[in-house]
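Residue numbers (the working numbering), protein chains in the order written: chain A, 1 to 459; chain B, 1 to 178.
Keep in mind that the hints were calculated from the coordinates and are not lab data. Errors might be hidden in some of the hints.
Unchecked claim - List time: in silico PhoX-like cross-link candidates among lysine-lysine, alpha-carbon distance up to 25 Å:
id: 1; chain 1: A; residue 1: LYS226; chain 2: B; residue 2: LYS51
id: 2; chain 1: A; residue 1: LYS219; chain 2: A; residue 2: LYS198
id: 3; chain 1: B; residue 1: LYS52; chain 2: A; residue 2: LYS226
id: 4; chain 1: A; residue 1: LYS324; chain 2: A; residue 2: LYS406
id: 5; chain 1: A; residue 1: LYS235; chain 2: A; residue 2: LYS198
id: 6; chain 1: B; residue 1: LYS68; chain 2: B; residue 2: LYS51
id: 7; chain 1: B; residue 1: LYS167; chain 2: B; residue 2: LYS121
id: 8; chain 1: A; residue 1: LYS235; chain 2: A; residue 2: LYS219
id: 9; chain 1: A; residue 1: LYS226; chain 2: B; residue 2: LYS68
As the list claims (entries may be wrong) - Listed next, with one range per pair, are the computed distances between beta-carbon atoms:
id: 10; chain 1: B; residue 1: TRP50; chain 2: A; residue 2: THR55; range: 24 to 32 Å
id: 11; chain 1: B; residue 1: ASN61; chain 2: A; residue 2: THR55; range: 24 to 32 Å
id: 12; chain 1: B; residue 1: ARG149; chain 2: A; residue 2: GLU299; range: 32 to 40 Å
id: 13; chain 1: B; residue 1: ALA36; chain 2: A; residue 2: GLY388; range: 32 to 40 Å
id: 14; chain 1: A; residue 1: GLY371; chain 2: B; residue 2: ALA44; range: 29 to 37 Å
id: 15; chain 1: A; residue 1: PRO265; chain 2: B; residue 2: SER7; range: 48 to 56 Å
id: 16; chain 1: A; residue 1: ASN369; chain 2: B; residue 2: ALA99; range: 39 to 47 Å
id: 17; chain 1: A; residue 1: GLU376; chain 2: B; residue 2: GLN43; range: 29 to 37 Å
id: 18; chain 1: B; residue 1: GLU174; chain 2: A; residue 2: ALA302; range: 51 to 59 Å
id: 19; chain 1: A; residue 1: GLU376; chain 2: B; residue 2: ALA36; range: 22 to 30 Å
Here the structure is a predicted model, which means the values were calculated and not measured. Heads up, the beta-carbon is just placed ideally off N, CA and C, and yes, glycines get one too.
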Amino acid sequence: MNPDPRIDQSLEGRLTEAEWEQFQEEMLEDGDLLAQYVEQRWLHAELLADRELMTDLASPTVTSSPPRKSDRTPWLGWAAAAVMTLLGALAFLFSGEKSVPTVATLIEAEGCRWEGSDLPTREGAKLGPGLLSLAEGMATIRFDSGATVTLEAPTRLQVDSAMRCRLLEGSVVADVPDSAHGFTIDTDRLEVIDLGTKFGVTSTPMGNSHVFVFDGEVKVLEEDQKEARHVLGGKSLHFGQSPGSPDEEVERSPLPPKPSGNWIPISTADGSGKDAFVRRDNAHNGAGSGPLLMVKHTELAAGNERRALLTFDLGSLNSDPVVKAKLSLKIEPSGLGFSSLVPDSEFSVYGLLDSATADWDENTVTWENAGIFSAEPIDTSQFSRLAGFTIPKGSAHTLIDVSSEKLAAFLSENAGSSVTLLLVRETGESDRQGLVHAFASKEHPTSPAPTLWIQTDNR
Amino acid sequence: MENPDSSARTEEYLLLLNEHENSIAAYVHTLVNDHADAEDILQACRLTLWKKFDQFETGTNFVAWARKIALHQVLNYRRSAKRKPSYATDPALIESIAAEIDRQSTQLDERSEALKACLHKLPEAHRQTVLLRYFEGFEIEEIARETDRSEGAVYRLLSRIRSVLGKCVSETMEAGTA
Numbered sequence: 001m002n003p004d005p006r007i008d009q010s011l012e013g014r015l016t017e018a019e020w021e022q023f024q025e026e027m028l029e030d031g032d033l034l035a036q037y038v039e040q041r042w043l044h045a046e047l048l049a050d051r052e053l054m055t056d057l058a059s060p061t062v063t064s065s066p067p068r069k070s071d072r073t074p075w076l077g078w079a080a081a082a083v084m085t086l087l088g089a090l091a092f093l094f095s096g097e098k099s100v101p102t103v104a105t106l107i108e109a110e111g112c113r114w115e116g117s118d119l120p121t122r123e124g125a126k127l128g129p130g131l132l133s134l135a136e137g138m139a140t141i142r143f144d145s146g147a148t149v150t151l152e153a154p155t156r157l158q159v160d161s162a163m164r165c166r167l168l169e170g171s172v173v174a175d176v177p178d179s180a181h182g183f184t185i186d187t188d189r190l191e192v193i194d195l196g197t198k199f200g201v202t203s204t205p206m207g208n209s210h211v212f213v214f215d216g217e218v219k220v221l222e223e224d225q226k227e228a229r230h231v232l233g234g235k236s237l238h239f240g241q242s243p244g245s246p247d248e249e250v251e252r253s254p255l256p257p258k259p260s261g262n263w264i265p266i267s268t269a270d271g272s273g274k275d276a277f278v279r280r281d282n283a284h285n286g287a288g289s290g291p292l293l294m295v296k297h298t299e300l301a302a303g304n305e306r307r308a309l310l311t312f313d314l315g316s317l318n319s320d321p322v323v324k325a326k327l328s329l330k331i332e333p334s335g336l337g338f339s340s341l342v343p344d345s346e347f348s349v350y351g352l353l354d355s356a357t358a359d360w361d362e363n364t365v366t367w368e369n370a371g372i373f374s375a376e377p378i379d380t381s382q383f384s385r386l387a388g389f390t391i392p393k394g395s396a397h398t399l400i401d402v403s404s405e406k407l408a409a410f411l412s413e414n415a416g417s418s419v420t421l422l423l424v425r426e427t428g429e430s431d432r433q434g435l436v437h438a439f440a441s442k443e444h445p446t447s448p449a450p451t452l453w454i455q456t457d458n459r
Numbered sequence: 001m002e003n004p005d006s007s008a009r010t011e012e013y014l015l016l017l018n019e020h021e022n023s024i025a026a027y028v029h030t031l032v033n034d035h036a037d038a039e040d041i042l043q044a045c046r047l048t049l050w051k052k053f054d055q056f057e058t059g060t061n062f063v064a065w066a067r068k069i070a071l072h073q074v075l076n077y078r079r080s081a082k083r084k085p086s087y088a089t090d091p092a093l094i095e096s097i098a099a100e101i102d103r104q105s106t107q108l109d110e111r112s113e114a115l116k117a118c119l120h121k122l123p124e125a126h127r128q129t130v131l132l133r134y135f136e137g138f139e140i141e142e143i144a145r146e147t148d149r150s151e152g153a154v155y156r157l158l159s160r161i162r163s164v165l166g167k168c169v170s171e172t173m174e175a176g177t178a
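Chain B on its own, in the form it takes in the complex (with noise of 0.2 Å):
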């Protein structure tokens, strides 16, 4: 880390994370269901990303390369023995997820954007359910007391908001490629 380029090379690969960080968090989380382990995965990803950025060649997809290596972390990650494990996904499905994303990766931008235009079309009170379930980072029980409402009913609630939302995005991309 000490050789004359080394704070280009910082600056750039802080850039690049900076932008598509969001992206591949995402990623993780798709791959991983349990959010503290992909919290932790993204965590060691950080690193890894960037001892391995030598092997980066500007210019190509970063993104690509960078969901390489996650992958290779989610295979590979081993949750500490302290805490409950709750349901893990099967490596072999895992990469069958991990292909499937790669297939639509050219169009993950675009739904993201996508999905960002959608959020904005949801009712006031689907909106902050969302943000209760995602940006508080409640789960269904607190928001149900939150909101005094019962847990099935706030699960239903979100079921049919991400349905919703679903749809919205898909038909936001059909109507941009027709």
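With the rest of the complex left out, here is chain A (with noise of 0.2 Å):
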């Protein structure tokens, strides 16, 4: 008897869903059907799960040891070139190489500032092994081996040997010519061996890594976990807590250092202040309790899209008119994308207009809840667009002010109630996995709270 033909047809994607439906249907009543549909499923199954059955094949001359390298012929193809990537791999990774003298070169630092490196930092500078400290901008290494790691700021990065290196914490992309395939980067739990790709690994203080691969394969060893992940183009993998759940004691932030004049701190986290961010594919409330306050924006993968709304308490500001205003924003490490994927970015501050719309809970409010502040394209109706900000491809770290005489009148008009702000990015990406920019909240145990510094008129 011939098989069904829809059952390869189902393997391969091949069927449309009203045909899918019929055949599950037939499967239900006919046990011989069901039981042919089965046999071949699971053949199919077997083949692709079955890591041990391919590596096998790759290599025949074997049927039942682990490949060997002189098992390779020339029939084999690049399939079999994989398997001996790996090998090489794990060469390295059980070779305990030593180090050389000098391993890379800087070739690249434009606008970086450096601090605490124990590496010199100037460009076309030769490298041993050691540290290199970025505080600021994008610098790139090119390995004896030929792979090149573009650090963004902020990062530490640890040269080991011309084959490896550890991310102590922040971003690096990492490409890497056939030539040095098995090239590794260590980070505090996790091992990422190339095996013929471009990627990017992050960092975090807070113990997260996000290892993404924009081309070819790499594998992925975790600390306390026996089996490799193999992690292919366009995919990625996060590892450690999310994002947004700090586990240092809360603190009230300290404020940054007052500007000179009779400047008025006021803080999120003053008086019935609040801040949250909101992300449109996440259903998850209590954005609005983590360190780090996201911003995104993308037309690549609408679901990232992340903005930021800031509730400031000016219950304590008198009548006097606010003849100047900023906005402080300390600028942090998100852990989640790659700056190198996102231009120099625009960024948009609104004001609500009528702050009796503003009831937002900072423990509850998602995107889908979050009504007008959700709303796209922005309602010019309700919100006011107050000033505008770029931050520079690269930074890390700093302490941003926005000001603008618009921001001054809002408040102005606002003084004796409370003012909320939305946050937003005006800039997209060019790779889905683009940086995702992140701001010190008030519940950020180190960095100061989004403050507005006001200076009225009060002669």
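Join the two chains into one complex using the hints; note that each chain is given alone, in its own frame.
Structure, rendered in structure tokens:
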């Protein structure tokens, strides 16, 4: 009996929804058809899921022992080359490779500020093993193996050898040519081994890591995990807690240095102030209690759109006219995405015109229930654009001051009550893994909360 | 996880998982059409298996126990809204498939061994196509591009290879029991 052609069609996704529905119904009625299906489906699944079967097949002269290098035969082509690369990677893993005097060159370091590096940081410098600590900007090093690694500030990278480095904190993007297959980046908990690719790794002080493969394949070994994971081009892996739940004790954020003159600071931590961010595809609430306010705009992965909401209690402000005002925000690494994929980014600050509509709750607000705050496009009958600012590529740990006459006027009008600001990014990204910008929230343990600095005319 | 015999227990778990992960993976991929969904479920499965491992009785059938937990995960899986759903399987059918696999469960290891031998009997060109599809994880379109053939030709070739493999596995099994 010939097998039902629909079995193969279903394996390769070639049935329409309706045909699949019909086929399912028939299988439920017909035990023989079901048995046939299960037999072919299992075989297909076994081929898909049993890596041992495939590695075995890729090296046909050995039937049950692991593949050996000497087994390489010409017909194998590049499927076997992948296995060989894997072996190469393993060899590096276990060889306890010795470091050599110089292993890399700093090929690009424009607009960089370095802090506490023990390696030379001028462009063109030859690097031996040691620490690079980039505080601002983006820098690229080329390892002698041919691998190039771009550091996005703030990043601390330990150069170990021509084939290995350790990411202590921050984000890097690695571009690895054939000559450097097996190039490895370690983080606190991970070992990321290149299998011919371009990939990015981030590691935050809060213990999160993110591996993203732009092209090709990497192997990831996680501490305490026996099985390696393979990540293919276009895929990513996230390790550690999701951002937004600080494990440190939360304390009131210190205020940034007071500007000279009679400025009054009001932060989101004062009075009935609050701050939170909402993300489109996230039904979870509680984003208001995290240490970071994340903001992102993207046309490529709509679910990653994020906006921040800031409410300031101006109750302490008397009716003296505000002559000057600025919004001060501390940029923090989000640990999500790569700044090399996002150009210098434009942001806008919108003021909510009718503060009576600002009845959002920091602990329960979500994109879904945020109403006018998540509406697209932004409703200009409800919001007024007060100011804009730019964050250059690679900026980190910087305090941003945003000021405008419109902002001052807006605060003046609302003195004595409260104001709600909506923070959005206008700039999109060139890749779905573009950077998510983050600002310290009032829950951030060490950085200042979003703060309005206000100068009134009280003479 | 801090109790004194935890490390021995952890080791036991890791050994069992290592030995049987492939068949658990094949099981989930049999029940779930969408590749990414299946991988998601497997990841959740490993965690659940570990969490529930104190309920596993040493010496009993690990795979059978793991299959039960995996089936539960499959039936309760909710795809994240972000992903475009490919065709979903009726829960009733999932249970029927699971029952059918349970029925064959004593033979599955043998079938897997038979499949391994059958793969080696394939002619070279077929072997390469299998590697592209299943080792490299290429879609039919990609294989077509890679090997300079039409998608239809690649599809037909893969169907034929699977059918040859299926027949070979059945014959090997019959020869074994005869």
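Hints, one by one, checked against the model:
Distance hint between LYS226 (chain A) and LYS51 (chain B) is fulfilled; the C-alpha atoms sit about 16 Å from each other, no more than 25 Å. As the CA atoms of LYS219 (chain A) and LYS198 (chain A) are separated by approximately 12 Å, the hinted pair is consistent with the 25 Å bound. Restraint check for LYS52 (chain B) and LYS226 (chain A): satisfied, since their Cα atoms lie roughly 18 Å apart, inside the 25 Å limit. Restraint check for LYS324 (chain A) and LYS406 (chain A): satisfied, since their Cα atoms lie roughly 10 Å apart, inside the 25 Å limit.
About 12 Å separates the Cα atoms of LYS235 (chain A) and LYS198 (chain A), which keeps this hinted pair within 25 Å; it holds. Restraint check: the Cα-Cα separation between LYS68 (chain B) and LYS51 (chain B) comes to about 14 Å, which is no more than 25 Å; the hinted pair holds. Simply put, LYS167 (chain B) and LYS121 (chain B) have alpha-carbon atoms about 12 Å apart, close enough for the 25 Å limit, and the pair holds. Restraint check for LYS235 (chain A) and LYS219 (chain A): the C-alpha separation of about 12 Å stays at or below 25 Å, so the hint holds.
Taking the CA atoms of LYS226 (chain A) and LYS68 (chain B), the gap is near 23 Å; set against the 25 Å cutoff, the hint holds. In this structure the hint that TRP50 (chain B) and THR55 (chain A) lie 24 to 32 Å apart at CB holds, the actual value being about 25 Å. Hint check: ASN61 (chain B) to THR55 (chain A), Cβ distance near 26 Å, so the stated range 24 to 32 Å holds. Judged by the Cβ atoms, the range 32 to 40 Å given for ARG149 (chain B) and GLU299 (chain A) holds: they are separated by roughly 36 Å.
Look at ALA36 (chain B) against GLY388 (chain A): about 39 Å separates their beta carbons, and that is inside 32 to 40 Å. About 34 Å separates the C-beta atoms of GLY371 (chain A) and ALA44 (chain B), a value consistent with the hinted range of 29 to 37 Å. Here the CB-CB span from PRO265 (chain A) to SER7 (chain B) is close to 53 Å, well matched to the stated 48 to 56 Å. With their beta carbons about 43 Å apart, ASN369 (chain A) and ALA99 (chain B) fall inside the hinted range of 39 to 47 Å.
Between GLU376 (chain A) and GLN43 (chain B) the Cβ separation comes to about 33 Å, which falls inside the hinted range of 29 to 37 Å. Remark: the range hint 51 to 59 Å for GLU174 (chain B) to ALA302 (chain A) is upheld by a beta-carbon distance near 54 Å. At about 28 Å, the beta-carbon gap between GLU376 (chain A) and ALA36 (chain B) stays in the expected band of 22 to 30 Å.
In this structure, every one of the numbered hints holds.
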